[in-house]
Amino acid sequence: MNTSPPIGATTLDQLSLGATGRVLALGNQGAERRRLFDLGITPGTLIQSEVRSPLGDPVAYRVRNTLIALRREQSQMIMITLDLEETIV
Amino acid sequence: MSDELVTPQASSLPHAACNTCPAYTNAQLRKLGLDVSGWDYTVALAGNPNTGKSTVFNALTGLRQHTGNWAGKTVTRAEGGFRFQGKRYKLVDLPGTYSLLSTSADEEVARDFLLFGQPHVTVIVADATRLERNLNLVLQILAITDSVVVAVNLIDEARRHGIMIDERGLARDLGVPVVPIVARRGEGLPELLSTIAQVASGAIRPRPRHVPLRDAALERAVKQLVAQIEAVFPNLPQAYWVALRLLDGDASIAQAVREGTIGDLTRGQAVAPIALEAA
Amino acid sequence: MTPAPQEQLLNAAAALRRDLGPDLHDRVSEAIYTEATQIANRTISTDSRQAAFRLDRTVDQLVTSRLWGFPLMLLLLMAVFWATIAGANVPSRMLADLLLGTVYNALHAGAAAIGTPVWLSGLLIDGVYLATAWVVSVMLPPMAIFFPLFTLLEDLGYLPRVAFNLDRLFKGAGAHGKQSLSMMMGWGCNAAGVVATRIIDSPRERLIAIITNNFSICNGRWPTLILMGTLFIGATAPPALASFVAAASVVTVAVIGIFTTLLVSALLSRTVLTGEASTFSLELPPYRPPQVLRTLYTSLIGRTLIVLWRAITMAAPAGAVIWLSSNIMIGDASIAAHLVNALNPFGWWLGLNGVILLAYLVAIPANEIIIPTILMLTLTLNRSQLAQAGVMLELDNNLVYQTLTQFGGWTMLTAVNLMLFSLLHNPCGTTILTIWNETKSAKWTAVSTLLPLLLGIIVTFVTAAVARLVGWV
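Protein chains in written order, with the working numbering: chain A, 524 to 612; chain B, 6 to 284; chain C, 2 to 474.
Just so you know, not all the hints are guaranteed correct.
Unchecked claim - Below 20 Å or equal to it, Euclidean Cα-Cα: the simulated SDA-like pairs (lysine to any residue) are:
1. Lys228(B) - Gln9(C)
2. Lys228(B) - Glu8(C)
3. Lys228(B) - Leu400(C)
4. Lys228(B) - Asn12(C)
5. Lys228(B) - Leu456(C)
6. Lys228(B) - Pro366(C)
As the list claims (entries may be wrong) - Calculated Cβ distances over 10 Å to all of chain C for the following chain A residues:
7. Gly531
8. Ala542
9. Arg594
Think of the hints as simulated: they come from the structure by calculation, not from any bench. Just so it is clear, CB atoms sit at the ideal spot from N, CA and C, and this is done for glycine as well.
Let's have the full structure, built from the sequences with the hints guiding it.
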């Protein structure tokens, strides 16, 4: 990311289990970036950290009512803002 | 466009009993299994992974493709046939795909067939419980073909999860027929069949919604390029899509254009063998 | 010279692309998703209670939890095999009584009545019929229980959760996260598992997945493990625990297979197939209540019977070959006896024997016929002793055990090493052909074929040496 993150922004891997954020931008590149877009992880999307695998990584996130597992290297590249009011069930 | 035109059976599964009625099972639908000779129409089954495409395929053809509940279970396309109201249909079950815009090897089979195989009807099986994400693929397919029927599957599961879908409104928004189904119980399949038949015969002419790209510069660029593509390849079925891919810098499409083989993708076959030496 | 129209077109595209900037895919995707969201908002209404969603989430939290994730996986596997072993026992015996007793005797009586020459009735009844009958009675009951149970787990949506749980390990091994899915496909059939590796995009990781797929125990090999586990290992436990212990031994071999997969993947990715690990974005689908009856029906028809049919078509000619080789004499012994004697010394080093090695040669086309081949060879080679002992053909498990230990000279080491060798040896003919079709590479087909065999030889050799050193046998 070239631009400095807005205040209150963090990366997806920092999202604690059960918390919800809103995607700001994706730092992932190439085929992986495209796949994430295709899966519906686009800027502005609500994303909730739902379950963590037994060994800590990957973590599955709820996006547009689907559950997508991402490894830490991927979630580290996704900028989010914490969304305190909104929750997706 | 009237509702009747696009949603012949839009109300929620009114004819589940047709499943067992003799007209449906005996006179109208004949499951032809693997016999796909001499068909009148080709019907492609597309959709996100894991939406029940194979279940629909099995129900219509009488075949028994195993269906597993995970993405990537079907990696090759399966073909089968059925006869309905005197016409023979070849049904092609494509691997699940999330998008036509960026593909992995297993998704290429689906993409190439949808783009260049020119099926008479494309049935998109969508999962009612994950409809928003499924609509991404639906809208992409609507951009490249008019003859689409959307089968919203798993509406029983959706209901269990408290999700209600306004199929009539969905059909109006998409501009194509929408048929609610519960494929594994056979509900909605008679309606799906008759809708497929009507789209195939031209009795229903869907007018699919084309997503505005919301970007004037992009719209202009696509338009300009489509004109040039059509000048060079007059019979290419998917100039719009090829233009988008070229603007996106797709090297394999550029190569196909350079060699003039872009039209040959028509017979887009199964996955190519993997490169022998790893990168 | 004017460039070709194609080049002009590409140049125009490149110019437009420069003007548009690099993020076209992002913009198109966002435009489509914006539309999708709007349509979804208009047409989907959600009841806020959503009890079922919470149930899904609760189940997921349990099956992926730090504490319970792995134990639950093992427990489920155990339950599947326990049900298979405990449930198959009685029908297996009934089938054996029928096919190897009643029908077999009736066939011989009938053949004698119409004056069939002895060599012909031997070839057809003691060769072809016996081999196929054994395949049916050994394989049908466990497969008829195992496949539906496994298919139920699959339809439920549990397999992606297993992939999710194991991903960290596969990542550590430098393999693709989806490799655990092709691995699990291999538990049905390795050829299917090899085809399933198409879901892996990177050629490097796909090759790793292809080469290691053989470490997934397949249809053809489960019966060998189940029989050995039942006869030799389960039998050491008190009767009440026997099928539990037998199931545990089968699961242990399957888990050794998983670790071998990880180990070999790690070795390959650090030596000949080095490269970046791909990312992992796997969708975990919602749990779906499986359709129990349809699953029973399709997995019985679609899997059990297809697998059984394949086994039968392989077993029939194999039965003829075995009978002929056991009855055609060269000098003072049959062809089979010569071969077994020649293989015996090498077999001894591996803690196995010549009969087992010969069976593995005969069974290259299909592993399903290992057990029948071993039994037929052991029986025919010891025919004279058997006749004296008055052993009848309708072998139930006790008699199989007796035959193998008394006449075949089997010990616990033989059984354990047969289980290990069943896990670690060359893929079957169909799988080798599939690997060739998928890779079109003689080199990688050879590696996929010989690497597991080499591993099997090393592992059984070491096990046998250690067992003998500590005086275990």
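How the hints compare with the structure:
1. Proximity of Lys228(B) to Gln9(C) is assessed by CA-CA distance (about 16 Å); at most 20 Å being required, the pair is judged to hold.
2. Taking the CA atoms of Lys228(B) and Glu8(C), the gap is near 18 Å; set against the 20 Å cutoff, the hint holds.
3. This hinted pair does not check out: Lys228(B) and Leu400(C) have alpha carbons roughly 80 Å apart, beyond 20 Å.
4. Restraint check for Lys228(B) and Asn12(C): the C-alpha separation of about 16 Å stays at or below 20 Å, so the hint holds.
5. Taking the CA atoms of Lys228(B) and Leu456(C), the gap is near 60 Å; set against the 20 Å cutoff, the hint is violated.
6. As the CA atoms of Lys228(B) and Pro366(C) are separated by approximately 58 Å, the hinted pair breaks the 20 Å bound.
7. For Gly531(A), the shortest C-beta to C-beta distance to chain C comes to about 22 Å, beyond the 10 Å cut-off, and the non-interface label holds.
8. The claim that Ala542(A) is not at the interface with chain C holds, since no C-beta of that chain comes within 10 Å of its own (minimum 14 Å).
9. Against the 10 Å criterion, Arg594(A) falls within the reach of chain C, whose nearest CB is about 5 Å from its own CB.
The structure shown violates the earlier hints numbered 3, 5, 6, 9.
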